[in-house]
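S.K.: Residues per chain, in single letters:
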Amino acid sequence: MRSDAVNNEMMIQIENLNRTFEHAGNEVKVLQEINLNIVQGECVVLKGVSGSGKTTLLSLMAGLDKPSSGKVLIEGEPISKLPDAFASELRAKKIGMIFQHFNLLEHLSVSENVTIPLIPSGLKMKEIHQKVNSALKLANINHKKESLASRLSGGEKQRTAIARALVANPDIILCDEPTANLDRDNSLLFIEILKELHALGKTIVVATHDPLFENLSFESTVIPMVDGKIV
Amino acid sequence: MNEVLLSNQVIVYLLSESTLFFLLLVAFIVSLKVLLKWDFESFTPLQFTLEKQAYLVTAIILFVFSMKFLLILYFIFSIDALSLLVPGAMCGAGVIEANDYGSYLLILKLSILFFLTLWLYINRYDMRTKNHKWFKEKSWLFSFIFLLILVELGLDYSYFSNIDTHMPVSCCSALFGQLEGANPLPFGLSITLLLVLFYLLYALVIVTLKTKQTLLYILANILFVYIAYYAVVYFFGTYIYQLPTHKCPFCMLQVEYMYVGYLLWASLFIGTYIGLSDAISTLWLKQSHTRSQKSVTRLLSFFVLLCTTYVAVYYFKNGVLL
Chain A
2 MRSDAVNNEM MIQIENLNRT FEHAGNEVKV LQEINLNIVQ GECVVLKGVS GSGKTTLLSL
62 MAGLDKPSSG KVLIEGEPIS KLPDAFASEL RAKKIGMIFQ HFNLLEHLSV SENVTIPLIP
122 SGLKMKEIHQ KVNSALKLAN INHKKESLAS RLSGGEKQRT AIARALVANP DIILCDEPTA
182 NLDRDNSLLF IEILKELHAL GKTIVVATHD PLFENLSFES TVIPMVDGKI V
Chain B
57 MNEVLLSNQV IVYLLSESTL FFLLLVAFIV SLKVLLKWDF ESFTPLQFTL EKQAYLVTAI
117 ILFVFSMKFL LILYFIFSID ALSLLVPGAM CGAGVIEAND YGSYLLILKL SILFFLTLWL
177 YINRYDMRTK NHKWFKEKSW LFSFIFLLIL VELGLDYSYF SNIDTHMPVS CCSALFGQLE
237 GANPLPFGLS ITLLLVLFYL LYALVIVTLK TKQTLLYILA NILFVYIAYY AVVYFFGTYI
297 YQLPTHKCPF CMLQVEYMYV GYLLWASLFI GTYIGLSDAI STLWLKQSHT RSQKSVTRLL
357 SFFVLLCTTY VAVYYFKNGV LL
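Taken in order, these protein sequences are the chains called A and B.
This note's numbering puts the first residue of the first sequence at 2, with every later residue one more than the last.
This note's numbering puts the first residue of the second sequence at 57, with every later residue one more than the last.
Hints were generated in silico from the structure; no laboratory data involved.
Be aware that a few hints might be false.
[To be verified] Derived DMTMM-like pairs: lysine to aspartate or glutamate, alpha-carbon spacing no greater than 25 angstroms straight-line:
| no. | chain 1 | residue 1 | chain 2 | residue 2 |
| --- | --- | --- | --- | --- |
| 1 | A | 230 | A | 76 |
| 2 | B | 89 | A | 85 |
| 3 | B | 89 | A | 23 |
| 4 | B | 93 | A | 78 |
| 5 | B | 93 | A | 85 |
| 6 | A | 138 | A | 128 |
| 7 | A | 67 | B | 97 |
| 8 | B | 108 | B | 193 |
| 9 | B | 186 | A | 16 |
| 10 | A | 132 | A | 184 |
| 11 | A | 95 | A | 220 |
| 12 | A | 67 | B | 95 |
This is chain A alone, in the form it adopts within the complex:
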């Protein structure tokens, strides 16, 4: 919800956020004065054409990039200022990411890909197996758990990526063009899974230009972005 109101359930707060890049000696303003508040359990769709700054905004929310100026707070914690080790820790606990190109390790199996985020957690193997299995079931890819990632279809790869994003039970799910490499049926299946996650109270941010996200069957906020600005 775009609002200046700050309440106890505020999950992501963005204030006066700017990101510029140097390119061939010129300053390119990718994000300009972004202000955005997202409360817990909200689903936000950042909609815009390629180059509108959606992915950069997601990277800043995840603490994968540092802003040029401005604040990004995750549950009040300024992720944009945290040293790398702390940002990684916060990301591992609170944020799950789903990418356009899935970013799976092709030579590993589905269950191994989903297990990887839990390896640094220090959990016992039995507990890790339980978490992996429930994430695979939630993403509806349990039946392929032993298959190599390289042998999966696009839709199956995306569901594996969803399971990987969910396995640490994060509060926030960030999706970067999640349906760009999926056909219509698989895209609709992905949206169904998002609906389930929304029902579980996860905070979801989707950066996309897919028209399927314009009229979702569950409560969501569409935020249009043009030339690095929210319009």
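Using the hints, position chain B against chain A.
M.R.: Then chain B, alone, in the frame of chain A:
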């Protein structure tokens, strides 16, 4: 140009030191700018730029400091190798004393290594905080270390360019041997008292470390390293060389003695530096002790044990002491 400056070891050493100094100079200039404008609570473009620069500076400093630890070993190896060029020198002791700069340079290098260890400790504390709480402290300490390294570089060039390869020098037998009627030991100690003090101070260091009496620990540690130096040169070293008149801190670094000097001096200085840095940073930053106590205990105990073993082995083999 003299032969010393043209020797392979010195060329490599001076080039390495100069390159590292150039890197540190860049880091120093940037860190001064960062230090003067640093405001972590700010979310301005300037502060974000400074944070990126601070990250770069820390990376440069960590790299250069790790190289400095390796370079002191190379420096010692180099001066030992130069003993072939300097008449009268049989080991690094003669080369170090070849001019007025050598001793100061060696003491400065050992001091710099201590401050580097202290900086590493403060940096470790700083990296554990979300808001770079100790950034200013470590930056000021770095500025101080940079000035020491600037002096060190000047002394490096002065030292190596002023070694006269035609002038005979005194080596360990004259430098560390008992001069007529003069007692070379500190505080007028006898060898027996020196050894009693050596073991007592070692015990005091371990006890104060375990009981966390930080101030007493710092004092005991400084005294221990001072006394340990004399104990090694004037007593334990003679058992390493198996010759009562051979009193030298350098010869034991040579192959004839299986390079045991490197092990001996490294365990003493690393143990002391880690312990002192932990204690001083604890007092300075008011932080709890790190988990380096075990390392300090192991290193200093290893040093004492190694020294003692040489005496014990000699005694068991020969039935007498030197």
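S.K.: Now tell me, hint by hint, if it's right for this structure.
M.R.: Status of the hints after comparison with the structure:
no.: 1; hint: A:230 <-> A:76; verdict: 23 angstroms, holds
no.: 2; hint: B:89 <-> A:85; verdict: 22 angstroms, holds
no.: 3; hint: B:89 <-> A:23; verdict: 22 angstroms, holds
no.: 4; hint: B:93 <-> A:78; verdict: 24 angstroms, holds
no.: 5; hint: B:93 <-> A:85; verdict: 22 angstroms, holds
no.: 6; hint: A:138 <-> A:128; verdict: 16 angstroms, holds
no.: 7; hint: A:67 <-> B:97; verdict: 15 angstroms, holds
no.: 8; hint: B:108 <-> B:193; verdict: 18 angstroms, holds
no.: 9; hint: B:186 <-> A:16; verdict: 20 angstroms, holds
no.: 10; hint: A:132 <-> A:184; verdict: 29 angstroms, violated
no.: 11; hint: A:95 <-> A:220; verdict: 22 angstroms, holds
no.: 12; hint: A:67 <-> B:95; verdict: 16 angstroms, holds
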